[in-house]
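Undergrad: Same order as they appear, the protein sequences are chains A and B. Going by the working numbering, the first residue of the first sequence is number 17, and it counts up by one from there. Going by the working numbering, the first residue of the second sequence is number 2, and it counts up by one from there.
By construction, these hints were calculated from the structure, which means they are not laboratory data. Any given hint could be a false lead.
Stretches of chain A that chain B covers, calculated by requiring three or more beta carbons in the stretch to come under 8 Å of a beta carbon on chain B [to be verified]:
no. : segment
1   : 76-88
2   : 144-151
3   : 244-257
From the three backbone atoms N, C-alpha and C, an ideal C-beta is built for every residue, glycine too.
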Amino acid sequence: MNMMSEVIPEADTLADQGIAVAVRGLTRAFGGPNVLDDLHFSIAEGEFVALLGRSGSGKSTLLRTLAGLDAAPPETLVVPSARAVVFQEPRLLPWKRVLANVTLGLRVPDAREKALEALAEVELTQRVNAWPLTLSGGEAQRAALARALVREPKLLLLDEPFAALDALTRMRMQTLVGDLWRAHRPAVLLVTHDVDEALLLADRVMVLKEGKIAIDMDVRLDRPRRHADAQFNRLRGELLAALGVHAD
Amino acid sequence: MSGIFLPGYPAAAAQAKPVAPAKARRWLPSLRRAYTPVLILIIWQALVATGLVSPQTLPAPSAIAISAWQLAVTGQLLTNILVSLQRVAVGLAIGVSVGTALALVAGLSRLGEDAVDATVQMVRTLPHLALIPLMIMWFGIGETPKITLIALGSMFPIYLNLFAGIRGADRKLREAASTMGLSQAETILHVVLPAALPGFLVGLRQAFGIAWITLVVAEQINASAGIGYLVMNARDFLRTDIIFVGLAIYALLGLLTDQSVRFLERRFLAWRPSVLREAGR
């Protein structure tokens with residue numbers, strides 16, 4: 017079911033085997049019970065993994081650790097160096113126009129062209145010279161997505177990126193993220209608390225519970241996926257039950 | 002700053018006037034704001050003209066204007082304004098530089114904070130104008146004590162606001178910068194300092210205000226040139242009109258520097274929603 021092997025080899029060999037992320041025995045605690053408790057899992061290159069969990073389950077901590085924002089013992093974690101994060105808030109620098117936000121820290125000769133391409137992909141060509149605070153929520157989040165994409169990440173970390181958007185914008189963004197993933201094929205870890213979103217997008221859904229992986233489920237549904245599908249509903253029920261919600 | 006609209010006169014009513022050309026419409030509010038000062042001037046002039054108030058106590062606006070003109074044609078006015086302006090410019094340049102340097106040291110490193118902040122906070126509680134006697138004993142009565150006082154007074158608002166601005170830079174933006182591979186120096190340049198700029202400009206505005214106040218006080222002590230000298234001299238000759246000219250100059254210069262900070266804000270904080278709204282975008 018999951019990609020973890022018995023003996024975990026080193027980073028180079030992992031890449032040869034098509035594995036983007038390897039987590040082995042990762043434990044994190046902040047002076048209380050373990051937030052992450054001896055986690056073991058891996059993510060294949062180009063694989064879309066959704067991570068579900070209630071608040072306080074440790075899913076954001078896991079994402080921050082994978083992003084390098086929280087330190088972890090090096091022997092517990094292998095991640096590609098080309099990573100990008102999209103947070104729940106767009107986190108654009110308000111004093112830089114959209115284009116400058118996307119090119120920021122981009123160390124390639126044709127950064128500007130690349131950024132314009134990425135902005136075109138998220139349909140923001142009209143707003144490249146706009147100030148971030150004049151963007152709508154959806155536009156700002158698309159700019160954040162372009163800023164992540166332009167770095168050509170091997171691992172794209174999405175931390176509840178649609179949670180603050182209205183329902184219609186959220187649906188459009190989910191479709192966009194699915195399209196971009198198919199076009200660029202980074203490994204994706206999507207942290208969310210929305211079961212439907214996870215089933216709509218991911219190859220694999222993990223449920224985190226008290227710092228441990230409670231469920232690691234492959235989603236073998238044809239794309240594009242539909243909420244009305246019977247199989248979809250069955251998986252949703254299973255996941256909701258694992259999250260402690262019982263759908264009628 | 003937007004105008005205050007009374008409940009009976011909503012903004013929409015003012016804008017609904019049918020065919021006012023765009024330019025005229027933009028001028029109208031500033032014209033409306035001029036009504037009250039003009040009215041005050043007229044009443045003032047009338048009070049003196051009718052003899053209700055003695056011109057010795059309160060010279061008529063026309064008399065003040067004539068005195069200003071006479072001072073201007075003899076060149077006295079300009080010379081003294083330039084002397085005062087120079088004191089403020091040099092004092093501010095020193096004060097703003099030192100305040101900025103200290104705030105950067107304290108804001109960007111914990112070690113710097115320990116070394117600088119507590120000391121600056123202590124010195125800050127001392128009203129700098131209380132140092133005048135000491136300044137005179139140390140530096141005599143020339144330009145040095147005046148400039149030192151202005152520098153000292155303008156340093157603290159710069160320090161306090163810039164330090165707070167640097168420390169207040171959004172942690173989430175700094176995190177995002179680090180996930181984009183920005184080095185620490187780049188993060189300071191692209192995230193921390195721009196975030197601190199609004200605070201710096203607030204500090205600058207306060208520093209200007211303090212610089213003018215300090216100038217007024219410092220110039221009244223043994224000055225041989227400057228607006229303060231003009232005013233003190235006028236007092237000795239009972240020339241109330243010239244005192245008023247001096248006051249008007251102080252007010253105008255203060256207004257001018259305040260406008261210059263507002264210009265800087267519009268130029269460098271163009272990304273702020275308030276500035277965007279002001280610019281009509």
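Undergrad: Would you mind marking each hint as holding or not holding in the structure?
TA: Hints versus structure:
1. 76-88: holds (count 3)
2. 144-151: holds (count 4)
3. 244-257: violated (count 0)
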